[in-house]
Amino acid sequence: MTYKHTLLLSISIVCCVFSTFAQQKSILDTSTVKEKYGLRVGVDLSKPIRTLLDEDYSGFEVVADFRVSDKFYAAAELGTESFDFYENNLNALTKGSYIKVGANYNAYNNWIGLHNEIFTGLRYGFATFDQELLAYRIYTTDQNFPPTVRTESEKFDGLTAHWLEFTVGIKAEIFNNLYISASVQLKHEITEDKPENFDNLFVPGFGKTYDFSSFGVGYGYSISYLIPLFKK
Amino acid sequence: MKKAALRFSILVFFVAIAIGCTRDDICDANTPTTPLLIITFKDFTNPLISKPVRGLIVETIGPNGVTIINRVTTDSIAIPLKSSENNTKYRFTRSETAPNAGNPNNDIVSFTYETEDVYVNRACSFKTIFKNLSNTIDAEGNGSWIRDLNILNTRIENDLQTHITIKH
Numbered sequence: 001m002t003y004k005h006t007l008l009l010s011i012s013i014v015c016c017v018f019s020t021f022a023q024q025k026s027i028l029d030t031s032t033v034k035e036k037y038g039l040r041v042g043v044d045l046s047k048p049i050r051t052l053l054d055e056d057y058s059g060f061e062v063v064a065d066f067r068v069s070d071k072f073y074a075a076a077e078l079g080t081e082s083f084d085f086y087e088n089n090l091n092a093l094t095k096g097s098y099i100k101v102g103a104n105y106n107a108y109n110n111w112i113g114l115h116n117e118i119f120t121g122l123r124y125g126f127a128t129f130d131q132e133l134l135a136y137r138i139y140t141t142d143q144n145f146p147p148t149v150r151t152e153s154e155k156f157d158g159l160t161a162h163w164l165e166f167t168v169g170i171k172a173e174i175f176n177n178l179y180i181s182a183s184v185q186l187k188h189e190i191t192e193d194k195p196e197n198f199d200n201l202f203v204p205g206f207g208k209t210y211d212f213s214s215f216g217v218g219y220g221y222s223i224s225y226l227i228p229l230f231k232k
Numbered sequence: 001m002k003k004a005a006l007r008f009s010i011l012v013f014f015v016a017i018a019i020g021c022t023r024d025d026i027c028d029a030n031t032p033t034t035p036l037l038i039i040t041f042k043d044f045t046n047p048l049i050s051k052p053v054r055g056l057i058v059e060t061i062g063p064n065g066v067t068i069i070n071r072v073t074t075d076s077i078a079i080p081l082k083s084s085e086n087n088t089k090y091r092f093t094r095s096e097t098a099p100n101a102g103n104p105n106n107d108i109v110s111f112t113y114e115t116e117d118v119y120v121n122r123a124c125s126f127k128t129i130f131k132n133l134s135n136t137i138d139a140e141g142n143g144s145w146i147r148d149l150n151i152l153n154t155r156i157e158n159d160l161q162t163h164i165t166i167k168h
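Chains as they are written, first to last, in the working numbering: chain L, 1 to 232; chain Z, 1 to 168.
Because the hints were derived from the structure by calculation, they are not lab data.
Note that the Cβ used here is the ideal one computed from N, Cα and C, for glycine as well.
Errors might be hidden in some of the hints.
Only pairs whose alpha carbons sit at most 30 Å apart, straight line, appear in this in silico BS3-like list of lysine-lysine [stated by the list, open to error]: (1) Z:Lys167 / Z:Lys131; (2) L:Lys194 / L:Lys95; (3) Z:Lys42 / Z:Lys82; (4) L:Lys34 / L:Lys155; (5) Z:Lys42 / Z:Lys167; (6) Z:Lys51 / L:Lys194; (7) Z:Lys131 / Z:Lys82; (8) L:Lys155 / Z:Lys82; (9) L:Lys47 / L:Lys194; (10) Z:Lys167 / L:Lys155; (11) L:Lys194 / Z:Lys42; (12) L:Lys194 / L:Lys208.
Chain Z is faced by these chain L residues, among others (derived, beta-carbon under 8 Å) [to be verified]: (13) Leu134; (14) Tyr136; (15) Arg137; (16) Ile138; (17) Thr140; (18) Asp142; (19) Asn144; (20) Phe145; (21) Thr148; (22) Arg150; (23) Glu152; (24) Leu201; (25) Asp211.
Here are some chain Z residues pointing at chain L (derived, C-beta under 8 Å) [to be verified]: (26) Cys27; (27) Asn30; (28) Ser83; (29) Ser84; (30) Tyr119; (31) Cys124; (32) Phe126.
From just these sequences and the hints, can you work out the full model?
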């Protein structure tokens, strides 16, 4: 996306958020209406789609949340991802699984009978993964000799990473008990096992890492089904 | 809480976009990568004095020989070592001479070393450092213009300081 498109997208999303928040003054008192509580389970759609479109990537994620109070939901994601980092000078393959646990806060007051959400949430993320350095080209400023490429692969097993994630998103009930959701995430890595004389180029669940920053970003689109358990 | 949450969400959203658009796939030219071998030339009779070599030619030997330094009068050079091998052979030629200082002359210097690859970052990938550097000099039949070669540091990790001095 170009800078212009990125800017347009951000402005339009912010406008959407504002326009939906503007409605909250006119809501009715919902305290007498019984609300559905239950377990909501689903899958992230963005990861299978990316698996189809991006030959270097494959991933799958199950999402779940459980309503614990009027505004709060306990939430978790469980997934697996693999990514083939293939750049000019470096090729490495990362594979592993992750879990994220935390909570969402619904900041949106619904009209009676509607169950939509504008939510913010926090997650603690943990991943366990393997990384295989497949090939690299020695970087040199000298042009006199042909480039040296090493292709002896080296495997780093049992790596782990921990991070915190802040998420912002929307959920809409499209049919009875069936929800679609979109969210963006800002992540901050707490700690990771660095392979000796190498680095984690990708962490399952966290995504691409950066050389000069411990922040990361992510996004998700999910579809989920609410299993109603009780009303209160 | 709602308002604070909203403001925070918007902030997070913009920070996320800013991070997502950061480029880190181009190796910064200031990043130290594979070092060059730094050689300075000194006067044989007084090693404290730098002595430029007149019309220095430095080239590799063989059918795919390349000329690294071509007829330059200088008292210091930086030349590459091959990361793909444990040996790099150079022909050092002094092509011009001062009056009464002898004829054009070439010597073959063979550098032998061990290589070790060190991870730099995702854009620069790996660099090679060279260890246990040693050398031999072959006068190629017509006497040696290199009178003495000193390896100051057998470990070539960066190109900030002199690794070798040659007296002539």
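Hints, verified against the model:
| no. | hint | verdict |
| --- | --- | --- |
| 1 | Z:Lys167 / Z:Lys131 | holds, 23 Å |
| 2 | L:Lys194 / L:Lys95 | holds, 15 Å |
| 3 | Z:Lys42 / Z:Lys82 | holds, 25 Å |
| 4 | L:Lys34 / L:Lys155 | violated, 55 Å |
| 5 | Z:Lys42 / Z:Lys167 | holds, 5 Å |
| 6 | Z:Lys51 / L:Lys194 | violated, 48 Å |
| 7 | Z:Lys131 / Z:Lys82 | holds, 13 Å |
| 8 | L:Lys155 / Z:Lys82 | holds, 26 Å |
| 9 | L:Lys47 / L:Lys194 | holds, 26 Å |
| 10 | Z:Lys167 / L:Lys155 | violated, 47 Å |
| 11 | L:Lys194 / Z:Lys42 | violated, 45 Å |
| 12 | L:Lys194 / L:Lys208 | holds, 15 Å |
| 13 | Leu134 | violated, 12 Å |
| 14 | Tyr136 | holds, 5 Å |
| 15 | Arg137 | holds, 6 Å |
| 16 | Ile138 | holds, 5 Å |
| 17 | Thr140 | holds, 4 Å |
| 18 | Asp142 | holds, 4 Å |
| 19 | Asn144 | holds, 5 Å |
| 20 | Phe145 | holds, 6 Å |
| 21 | Thr148 | holds, 4 Å |
| 22 | Arg150 | holds, 7 Å |
| 23 | Glu152 | violated, 10 Å |
| 24 | Leu201 | holds, 6 Å |
| 25 | Asp211 | holds, 4 Å |
| 26 | Cys27 | holds, 6 Å |
| 27 | Asn30 | violated, 11 Å |
| 28 | Ser83 | holds, 4 Å |
| 29 | Ser84 | holds, 4 Å |
| 30 | Tyr119 | holds, 5 Å |
| 31 | Cys124 | holds, 5 Å |
| 32 | Phe126 | holds, 5 Å |
Violated hints, listed in ascending order, are 4, 6, 10, 11, 13, 23 and 27; each of the other numbered hints is respected by the structure.
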